[in-house]
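Undergrad: Each chain is listed here by its residues.
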Amino acid sequence: MIELRELTKRYGEKTAVDGLTFSVRPGVVTGFLGPNGAGKSTTMRLMIGLDSPTHGDVRIDGEHYDRMREPLHSIGALLEAKGVHGGRTAYNHLLCMAQSNGIPERRVGEVLEMVGLQDVARKRPKGFSLGMGQRLGIAGALLGDPRILMFDEPVNGLDPEGIHWIRTLMQHLAREGRTVFVSSHLMSEMAQTAQHLIVIGQGRLLADTSMNQFIAENSRTYVRLRTPEPERARDVLLEAGHRPVTAEDGSLEVEGARAATLGELAAERRLVLHELSEQRASLEEAFMRLTAGSVEYHAHDLPEGSAGGPGEAASGEPGEAASGEPGAAGAPAPAWGENWRKGQGR
Amino acid sequence: MSTQQQYEGPLPGHQAPPAPPAAPAPHGPQGGWPGQQNAGHQAPAAGGYTSPIPMARTHLGHALVSEWTKIRSVRSTMWTLGVMFALVVGIGLLTAVGLSGDSYTGMPLLSGGLFGLMLGQICVITLGVLVITSEYGTGMIRTTLTACPRRGRVLLAKAVVFFVLAFVMTTLACSLTALVHSTMLSGQEAPAGASGMPGTWEDGTLVASGGEWFGATVGAGLYVALLGLLSLAIGALLRHSAGAITLMLGVVLLPLVMALFMAGEALATVREKLIEFSPLNGLASLYRIPMAEDQDATGWPLLGGLACVTLVFLVLAYTLLNKRDV
Ligand SMILES: Nc1ncnc2c1ncn2[C@@H]1O[C@H](COP(=O)(O)OP(=O)(O)O)[C@@H](O)[C@H]1O
Ligand SMILES: [Mg+2]
Chain A
1 MIELRELTKR YGEKTAVDGL TFSVRPGVVT GFLGPNGAGK STTMRLMIGL
51 DSPTHGDVRI DGEHYDRMRE PLHSIGALLE AKGVHGGRTA YNHLLCMAQS
101 NGIPERRVGE VLEMVGLQDV ARKRPKGFSL GMGQRLGIAG ALLGDPRILM
151 FDEPVNGLDP EGIHWIRTLM QHLAREGRTV FVSSHLMSEM AQTAQHLIVI
201 GQGRLLADTS MNQFIAENSR TYVRLRTPEP ERARDVLLEA GHRPVTAEDG
251 SLEVEGARAA TLGELAAERR LVLHELSEQR ASLEEAFMRL TAGSVEYHAH
301 DLPEGSAGGP GEAASGEPGE AASGEPGAAG APAPAWGENW RKGQGR
Chain B
1 MSTQQQYEGP LPGHQAPPAP PAAPAPHGPQ GGWPGQQNAG HQAPAAGGYT
51 SPIPMARTHL GHALVSEWTK IRSVRSTMWT LGVMFALVVG IGLLTAVGLS
101 GDSYTGMPLL SGGLFGLMLG QICVITLGVL VITSEYGTGM IRTTLTACPR
151 RGRVLLAKAV VFFVLAFVMT TLACSLTALV HSTMLSGQEA PAGASGMPGT
201 WEDGTLVASG GEWFGATVGA GLYVALLGLL SLAIGALLRH SAGAITLMLG
251 VVLLPLVMAL FMAGEALATV REKLIEFSPL NGLASLYRIP MAEDQDATGW
301 PLLGGLACVT LVFLVLAYTL LNKRDV
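Protein chains in written order, with the UniProt record's numbering: chain A, 1 to 346; chain B, 1 to 326.
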């Protein structure tokens with residue numbers, strides 16, 4: 001259990017972390033999401049006492065980290081910057097960590113095997129690939145078999161197989177009853193790993209919710225209809241009290257209706273359908289909407305009409321996107337999410 | 001997950017990466033909801049996780065062992081100490097060979113060891129700085145302080161391990177050199193009217209007194225190890241290898257270099273003080289060839305002064321280490 005209370009960190013004028021209050025519970029993977037520069041890494045450094053807070057407090061199982069008697073047994077951390085001396089072999093790196101906490105030496109071989117580095121145990125990390133370096137960092141985090149694990153952007157530099165491996169590992173660790181706290185700037189990544197979600201932007205807490213709830217609250221669902229008779233379908237739908245919107249590719253999108261209802265309606269009116277499917281807007285979209293006002297690095301000079309990224313997200317009013325008409329294709333100023341979604345949909 | 005379980009080798013389920021879950025359904029940008037697919041996690045185990053691995057309350061001993069592993073597992077240690085050893089013994093040997101023809105060299109018997117050590121001390125200074133700055137340079141310091149959040153303990157362990165290693169190695173090199181010198185240069189005869197000649201005389205031949213032996217071995221080793229420890233403290237303060245090494249070289253060399261350029265009568269006292277308190281003069285005095293006017297100096301008071309300065313800077317480093325972010 002990690003508890004933050006009004007945690008604040010200023011570097012000179014810059015407020016990196018701004019009054020964060022939340023707790024990270026055991027037994028689930030908690031995702032820590034925010035755009036680049038949101039303050040995720042800083043928060044994690046504050047948690048293990050590497051940086052000291054300007055204001056507020058962090059407690060690990062009720063204690064300050066620097067009071068811990070068996071630190072590696074309490075927390076294993078993979079930090080953003082590689083904390084490895086490039087000239088010390090992987091084995092010796094882990095050995096000196098183990099010794100500093102009185103962990104038996106055989107544990108070093110075990111964690112090396114766990115992360116798949118047993119063959120390069122006697123090699124210097126200077127020559128390691130990004131992925132191998134990341135695995136060594138994870139080995140260090142697992143060394144003390146800790147109750148709490150903290151990973152700062154762990155999938156950075158890993159290949160697809162490695163990404164899958166670490167996702168599975170994190171869920172496995174959480175299932176054993178550990179506290180697993182993992183940061184990312186990618187919603188899609190979180191959606192596949194985390195059961196709980198904490199979102200920050202510019203150092204401030206934006207959301208603290210379960211993943212399912214986040215999805216339910218932030219997703220826009222609609223039904224897509226494709227038919228050779230779009231004009232008649234439109235009329236039929238309007239008659240039945242729905243509000244169909246014609247998408248760019250000619251399909252109809254209906255919000256707030258079930259596919260089953262529309263299917264039955266179509267059958268009743270002998271309407272030929274080529275597609276009838278329930279759709280949900282992407283989670284990435286929901287995330288971008290949430291953080292729209294707090295993106296640190298805007299990409300202002302994206303050309304018009306390019307796939308909307310977070311940069312465009314930031315330039316639009318967050319409220320506008322949220323309340324914008326679904327599928328308002330061809331509208332003079334489409335909400336940023338729309339273009340992106342359509343671009344992906346094709 | 002029993003707490004009573006004995007730790008006998010790998011943890012169950014830890015040996016290999018955990019088995020992958022049911023293949024994740026493919027998810028298009030619009031279609032899938034990956035979060036929902038894997039949200040069916042088991043209920044958290046009651047009371048959280050308890051490891052079967054025996055854990056010890058950490059103390060200074062752990063930090064010492066850890067720092068010893070660290071210092072012996074990087075190449076810079078071998079290089080700096082190896083070069084120091086080669087310089088001290090090699091130059092000592094050359095000096096002895098060069099002087100062995102003379103009937104009287106004009107110096108105390110063991111003093112030739114100074115020349116190699118004057119260069120060798122630079123290696124020890126470099127190592128002292130690197131012990132701490134390499135951790136900042138590589139980011140290892142974050143790992144170190146995560147594993148041992150008590151920063152004072154880390155600094156103390158580093159200081160002790162480095163100091164002992166540097167002292168033992170330097171003393172060994174100096175002792176070997178002193179042995180070479182006393183073997184090759186013994187039997188020197190005092191020239192006519194030898195009273196007041198440098199060195200210790202016994203029946204007209206040059207010998208080394210117990211004090212000379214002690215100064216040229218343990219004294220020199222202590223002095224150089226202290227300089228290294230001061231470098232470690234400076235490294236902890238500056239957190240930058242090149243900066244700290246440069247500063248330490250300045251501290252060692254500058255007073256003497258500056259004194260060289262103070263020729264005028266008016267500056268005579270300043271020059272004399274600069275020479276007297278130059279770190280090189282301390283070392284030379286331990287070899288009984290002081291650079292300052294007081295020809296009876298043994299170097300031990302200067303060594304005491306160096307120890308005090310080192311302590312002050314270590315305390316300063318400790319204070320800042322506790323205060324600063326890493
Ligand atoms: N040591 C530091 N000194 C000054 N500014 C910092 C420091 N660390 C982080 N910052 C600033 O704080 C903000 C948050 O950074 P960071 O925590 O690294 O974000 P994230 O990990 O979410 O990308 C950034 O604007 C960054 O420039
Ligand atoms: Mg970061």
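It cannot be assumed that every hint is accurate.
[To be verified] Mimicking SDA-like on lysine to any residue, the simulated pairs with C-alpha atoms at most 20 angstroms apart in a straight line are:
#1 Lys126/A to Trp79/B
#2 Lys14/A to Gln202/A
#3 Lys123/A to Trp79/B
#4 Lys82/A to Trp79/B
#5 Lys82/A to Asp159/A
#6 Lys323/B to Thr246/B
#7 Lys82/A to Lys14/A
#8 Lys82/A to Val326/B
#9 Lys123/A to Asp325/B
[To be verified] Some, not all, of what chain B presents toward chain A, calculated at C-beta under 7 angstroms:
#10 Arg153
#11 Thr269
#12 Val270
#13 Lys273
#14 Asn322
Calculated from the structure, these hints are not laboratory results.
A virtual CB, placed ideally from N, CA and C, is assigned to each residue, including glycine.
Undergrad: Is the shortest C-beta separation between Arg153/B and chain A less than 7 angstroms?
TA: Nearest chain A Cβ about 9 angstroms off; hint violated.
Undergrad: Less than 7 angstroms between beta-carbons is the criterion; does Val270/B satisfy it with respect to chain A?
TA: At 42 angstroms from the nearest chain A Cβ, Val270/B fails the 7 angstroms test, so the hint is violated.
Undergrad: Quick one, are Lys323/B and Thr246/B close enough, alpha carbons at most 20 angstroms?
TA: Judged against 20 angstroms, a Cα distance of about 25 angstroms means the pair is violated.
Undergrad: Hint check: Lys82/A vs Lys14/A, CA-CA at most 20 angstroms. Holds or violated?
TA: 24 angstroms, violated
Undergrad: The hint names Lys273/B as touching chain A; please verify it with the least Cβ-Cβ distance against 7 angstroms.
TA: Since chain A brings no Cβ nearer than about 42 angstroms to Lys273/B, farther than 7 angstroms, the hint is violated.
Undergrad: Would the pair Lys82/A and Val326/B pass a check requiring their Cα atoms to be no farther apart than 20 angstroms?
TA: Holds, at about 13 angstroms.
Undergrad: Does the closest beta carbon of chain A sit nearer than 7 angstroms to the beta carbon of Thr269/B?
TA: Result: violated, 46 angstroms to nearest chain A Cβ.
Undergrad: Can Asn322/B be said to touch chain A, with a Cβ gap under 7 angstroms?
TA: Nearest chain A Cβ about 9 angstroms off; hint violated.
Undergrad: Would the hint linking Lys82/A and Trp79/B be met if the CA-CA limit is 20 angstroms?
TA: 25 angstroms, violated
Undergrad: Hinted pair, alpha-carbon criterion (20 angstroms max): Lys126/A, Trp79/B. Please report holds or violated.
TA: Given that 20 angstroms is the threshold and the Cα spacing comes to 18 angstroms, the pair holds.
Undergrad: Compare the distance between the alpha carbons of Lys123/A and Trp79/B with 20 angstroms, and conclude whether the hinted pair is satisfied.
TA: The given pair, whose Cα atoms are some 19 angstroms apart, holds under the 20 angstroms limit.
Undergrad: Within 20 angstroms, alpha carbon to alpha carbon, are Lys82/A and Asp159/A?
TA: Holds, because 18 angstroms separates the two Cα atoms, which is no more than 20 angstroms.
Going through the hint list in order, the structure does not satisfy hints 4, 6, 7, 9, 10, 11, 12, 13 and 14.
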